[in-house]
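Could you slot chain H onto chain B? The hints should help.
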Amino acid sequence: MSYSIGTTYEGKNFTYLKEIIPFVRHIEVSPDSIAHKKNGIISVNETAIKQLEWIDNATGISILLHGVGLSIGSYDGYSKDYIKLLDELFGKLNNIRWHSEHLAYTMVNGENLGTMLTLPKTDEVLDMICTRVDTIQKKYKKLFLLENVISMLPSSACKYSDAAFLNKITSLTGCGLILDVYNLECDAANFNLNINTFLEELNLNTVYEMHLAGGATDTELNFKMDIHSQLLADSTIELAQTIIDRHPINLTAITFEMLEEFVGHHGSVAIINELNKLSEIFNYELTAFAD
Amino acid sequence: MNLQHLQTDLCALIKSRPAINTDDEYISHINSSKHLVLVKKIALWWRKIQIENSCRLTAALLKSKNEFEITLSDFLKDAKYSAFREEVYIQFLQYIISTNSDALLFCVAEFELSLIQLKLNQHVQKFIIWNYEPYQIINDLLKNIFTEDTLIHGKYLVEISTNNKELFTVKNLN
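Line by line, the protein sequences are chains B and H.
Just so it is clear: in the first sequence, position 274 is 274 by this note's numbering, and no numbers are missing.
Every position in the second sequence, counted from 1, becomes a number in this note's numbering once 1000 is added.
I should point out that these hints are in silico values taken from the structure, not numbers from a laboratory.
There could be a bad hint or two in this list.
[Claimed, not checked] Listed next, with one range per pair, are the computed distances between beta-carbon atoms: (1) D245/B to S1098/H: 54 to 64 Å; (2) T1099/H to A157/B: 20 to 30 Å; (3) T1099/H to E220/B: 27 to 37 Å; (4) N192/B to N1066/H: 31 to 41 Å.
[Unchecked claim] Cross-link-like lysine to aspartate or glutamate pairs, in silico, EDC-like; alpha carbons within 16 Å at most: (5) K1040/H to E220/B; (6) K1034/H to D218/B; (7) K1040/H to E111/B; (8) K1040/H to D1078/H; (9) K139/B to D87/B; (10) K1077/H to E111/B; (11) K1034/H to E220/B; (12) K38/B to D1078/H; (13) K38/B to D81/B; (14) K12/B to E53/B; (15) K1048/H to E260/B.
Quick reminder that beta carbons are idealized off the backbone N, C-alpha and C, glycines included.
The shape of chain B in the complex, shown without the other chains:
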């Protein structure tokens, strides 16, 4: 099995994009980070569109859209502005492999929480999420993936385990999953998630993409944070290998996530080294995305 290796691009540094392109087979783009409002209407900024069109037309690299602001778990509805961005991007780009969002909420009653919170794993939430996933999949007719996010608050009353909840959503809707390996490490450190039990229970055949990242620990509150500011720890790569060893049959993409604000801190050479390391470890082949 071979995997497509990719990384994050947030639309602000075309020189950096051109530097990393030879070392990736896909680029993960967050519609939220390339959006702006003009005359009160949300849209993708023109510079970013041109860069994505360049990826689309000149490189043969796949684009994976990865949302932050859909807020699919808000009780009062998901973001219509985010949907407008998806409409625009699907209308302009040909090479979008799939799109995805975090299984979480960021907005409540029109207010931004400033972070993502996990959802209670109840039947009420299950029904709401599945209905919304169905609507999104019907609208775009592209594979839609949901990602596990880290828990920042202790769980409220739950009927399902983490893995059982994800299994329910994927089996009821046919959507897939992004498994964020670093987030699993965070949950293990912060809330004693038993990763082995989680992986035993999760239907790994619904996983299409893995996210790998490095973060930091808040030493004051002793909390491992999902902030994508660091290069990869050995433990994260080892856990990814453990998951691959379980042969998830639909897994084809591995994305190294790095916040654009920290790219300059590490330098593009360090990012490229990380991508090369992942390629060597996970048997990268150019045919990984052949249809």
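Quick look at chain H alone, frame taken from chain B:
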């Protein structure tokens, strides 16, 4: 507790407002937990790195007064800020302009907002009266060496306009 009540109460706690269902065991537990402190801290951290990079002058001035984090924290509590990062720093500057009585901070925030609007190809025609010599302030803020001790008093008209060739012009009114 249903999802609406849960999310509404957690939102209130994150914004440092009282929850509605204070008798609920879970909400009460969260309210006194380190995790709520953490959520607020992380929300602040995300906005901080975005705003530091995008509003360099205003952030540097606030930092020189040791007011950056508290102002940002107030903004997060008070303002219905956008989910889109390219909007948040503009909203932050607008918040500073609308809520701050410090004349220099007002001038710097207005100046920076006008430059951002210019960069976004919006039509801009802005005149700002500064009570201090602007070039030194801008220079010192960009180098993170600003101190109020070196301010040069006077009256200066700063113009930021789409019609000008320069980003901005300064006219000494003394």
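Hint-by-hint comparison with the structure:
{"no.": "1", "hint": "D245/B to S1098/H: 54 to 64 Å", "in the structure": "holds, 56 Å"}
{"no.": "2", "hint": "T1099/H to A157/B: 20 to 30 Å", "in the structure": "violated, 40 Å"}
{"no.": "3", "hint": "T1099/H to E220/B: 27 to 37 Å", "in the structure": "holds, 29 Å"}
{"no.": "4", "hint": "N192/B to N1066/H: 31 to 41 Å", "in the structure": "holds, 38 Å"}
{"no.": "5", "hint": "K1040/H to E220/B", "in the structure": "holds, 14 Å"}
{"no.": "6", "hint": "K1034/H to D218/B", "in the structure": "holds, 12 Å"}
{"no.": "7", "hint": "K1040/H to E111/B", "in the structure": "holds, 14 Å"}
{"no.": "8", "hint": "K1040/H to D1078/H", "in the structure": "holds, 14 Å"}
{"no.": "9", "hint": "K139/B to D87/B", "in the structure": "holds, 9 Å"}
{"no.": "10", "hint": "K1077/H to E111/B", "in the structure": "holds, 10 Å"}
{"no.": "11", "hint": "K1034/H to E220/B", "in the structure": "holds, 10 Å"}
{"no.": "12", "hint": "K38/B to D1078/H", "in the structure": "violated, 24 Å"}
{"no.": "13", "hint": "K38/B to D81/B", "in the structure": "holds, 13 Å"}
{"no.": "14", "hint": "K12/B to E53/B", "in the structure": "holds, 15 Å"}
{"no.": "15", "hint": "K1048/H to E260/B", "in the structure": "holds, 14 Å"}
Violation of the numbered hints given earlier is confined to hints 2 and 12; the remaining hints are satisfied by the structure.
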